[in-house]
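2 protein chains.
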Amino acid sequence: MQPHNILLSFSSGSLLRDINEEQLLEILLKDFQTNRPGIVGIGEDCAVVQGRGNDLYYLFKVDATVENVHFEAETPPELIGRKALARALSDIAAMGGEPLYALVGIGISKDQKIEKIKKIYEGIRSLAQAFDLLIIGGETTVCEQLFLVVSLWGKTEGYKPVLRSGATDGDGLFVTGVLGGSFQSGHHLMFMPRIKEGKWLAAGRWAKAMMDISDGLAKDLPRMAKASSIGFEIDFDAIPIRGGYTIKSALTEGEDYELLFSVAKEKEDKLIQSWPFDVPLKKIGFFSQRAKRNFPDEFRGFDHFQKP
Amino acid sequence: MQPHNILLSFSSGSLLRDINEEQLLEILLKDFQTNRPGIVGIGEDCAVVQGRGNDLYYLFKVDATVENVHFEAETPPELIGRKALARALSDIAAMGGEPLYALVGIGISKDQKIEKIKKIYEGIRSLAQAFDLLIIGGETTVCEQLFLVVSLWGKTEGYKPVLRSGATDGDGLFVTGVLGGSFQSGHHLMFMPRIKEGKWLAAGRWAKAMMDISDGLAKDLPRMAKASSIGFEIDFDAIPIRGGYTIKSALTEGEDYELLFSVAKEKEDKLIQSWPFDVPLKKIGFFSQRAKRNFPDEFRGFDHFQKP
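Respectively, the protein sequence lines represent chains A and B. The first sequence begins at 1 in full-length UniProt numbering and counts up one residue at a time. The second sequence begins at 1 in full-length UniProt numbering and counts up one residue at a time.
Just chain A, with the same shape it has in the complex (with noise of 0.2 Å):
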């Protein structure tokens, strides 16, 4: 869908529920887009500019997790901080990105516990560490619902990241882990973001066109084929189900934050024997040139903006 025939489409009393996140984003973004060189902007997990060098690139992300949207009340503090930095980080691992440098920004009542937003902070600065994550700034402001921004600097060097536009007709389409029951399980907050898987399939050119799995396979993959102007055909039977969640739920419910990715199909076999890594690998489709890009009508992801 083009952002003009959006724009045509609303009334100018249309509330936010009309439309889904996507739609916003194109309305709200389109004249930001730009056409610089070495520079890519809207629409993928990060934006990347080139830096100075031979083949090094700088990745740039804001992600904002929300109290009651993201986390509840009761959710324990550590690991709210835990997933405001997972989220953020998982976008660095979706282009196939090393993180290099975080600012922290909270939005905090007056009447919290100094003794949460401690924990809190805790929770942020231990995931920071296993990824050798430096955070060098931070801002707080007062807001009655709890939020956190992460900003995030990241970087590919002697190699480029991995976008979502570069799957071609034929390539295998792969996702690690399993998918599902996200919120239920608790992965949700505990996940670890997939930075060294990407790296590896950046850096080794496995990876044609990536993302991380937030809203749903069956919302990202769509977003990943219309990049690539591509449609796809996928094996239900192989999707990788968490145990005890239904297929629905692997599809739609989203915050799997798991990579999906397109491989060549000469080097399917050969990333299959050459994956070192634990977490599961599976090929759960394909790239088609004649094939629809879209999921059918029952399964929908995840969309915050959604009615009701």
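The hints are simulated quantities; they were obtained by calculation from the structure and are not laboratory data. The reader is advised that the hints may include incorrect statements.
Identical chains share a label here; the pair holds if one copy fits it or two copies do between them.
Keeping only pairs whose Cα atoms sit at most 30 Å apart, straight-line, the calculated DSBU-like set for lysine-lysine is [what the hints assert, rightly or not]:
hint, residue 1, residue 2
1, Lys199, Lys282
2, Lys155, Lys248
3, Lys265, Lys292
4, Lys110, Lys248
5, Lys199, Lys155
6, Lys248, Lys116
7, Lys248, Lys118
8, Lys226, Lys119
9, Lys199, Lys116
10, Lys110, Lys282
11, Lys118, Lys282
With chain A's structure known, arrange chain B on it following the hints.
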């Protein structure tokens, strides 16, 4: 005050309203301090990371602007967006930097009109254009209390960013513009970030220490004095006050977004003669090893977290 003392002096049940913003940041970020070479972290207007090549420094900033804190529900939406970006730009200006790239995030309720959000982004876009700043990414999420998050990436090239810590004995203390009445006059929505002025002061090696005045001179100047380990003497009659407002307003209300900086005594006259900008420049005092680092008690700056 040392972070350690602060921690000891609050019980586990203490609330945020019992401490000020500075104490909170010290508690949260004390373990994040980095001693890696080429990196300046917590405590400056922006984080600084040395780039590749000679005399290239990157500046990195995240800032949140929140409804009922930084603007009202009735504030014209273009001005909400404008302010969100202008605040972050002012922090780049405070170090003498040039802005390069921005990411914009927004937290909004589903019941907001699309039209309002579009206008917020128009406010952001029009200010970005004035500074040749590229908006290269965005993020949206749901939040009942409207907030905007701006993450900025800037640089200084051919000269170093000006820190808060460079003031020494005898330096003149200067301020741009006029202070006070920012909220009532609407200045807090309409101010022009002092990017040009800050860059000129830094590139020409005029300013030895610099910051922007966001919480009021009476709160911000002691921060600079503390960072520089030096006291100051103020000529209260010299403080430039916005027409119709009081000296107390000029010292304590905050949101002036003017530059505050120190200049070597022998360069003061030359600076005043060379100043090429329309915005007023005023010497308001000097730094002194023998003077105190604080204002009298009746002048207290703005603090979001202070009771009540």
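One pair to classify: lysine 199 and lysine 155, alpha carbons no more than 30 Å apart. Within, between, both, or neither? Cα proximity of lysine 199 and lysine 155: in one copy and across copies (10 Å, 27 Å).
Classify it for me, lysine 248 with lysine 118: is the Cα-Cα distance of at most 30 Å met within a copy, between copies, both or neither? Neither. Shortest intra-copy (38 Å) and inter-copy (34 Å) distances fail the 30 Å Cα cut-off.
I want to check one pair: lysine 265 and lysine 292. Are their C-alpha atoms no more than 30 Å apart within a copy, between two copies, both, or neither? Answer is within; shortest intra-copy Cα gap is 19 Å, inter-copy 72 Å.
With 30 Å as the alpha-carbon cut-off, assign the pair lysine 155 and lysine 248 to within, between, both or neither. For lysine 155 and lysine 248, the Cα distance exceeds 30 Å both inside one copy (35 Å) and across copies (47 Å).
Intra/inter-copy verdict for lysine 118 and lysine 282 if alpha-carbon distance must be at most 30 Å: neither (39 Å within a copy, 41 Å between copies)
Have a look at lysine 199 and lysine 282 and pick one of within, between, both or neither, based on CA distance no larger than 30 Å. within (18 Å within a copy, 53 Å between copies)
Lysine 110 and lysine 248: within-copy, between-copy, both or neither at 30 Å Cα: Only across copies: lysine 110 and lysine 248 sit 25 Å apart there, 41 Å inside one copy, limit 30 Å.
Treating 30 Å as the Cα threshold, decide for lysine 199 and lysine 116: within, between, both or neither. Classified as neither: same-chain Cα gap 34 Å, cross-chain 40 Å, threshold 30 Å.
Tell me, please, which holds for lysine 110 and lysine 282 at an alpha-carbon limit of 30 Å: within, between, both or neither? neither (47 Å within a copy, 37 Å between copies)
At most 30 Å between alpha carbons: which applies to lysine 248 and lysine 116, within, between, both or neither? This pair counts as neither: shortest intra-copy Cα distance 36 Å, inter-copy 35 Å.
Tell me, please, which holds for lysine 226 and lysine 119 at an alpha-carbon limit of 30 Å: within, between, both or neither? between (41 Å within a copy, 28 Å between copies)
The structure does not agree with the numbered hints 2, 6, 7, 9, 10 and 11 stated previously, though it agrees with the rest.
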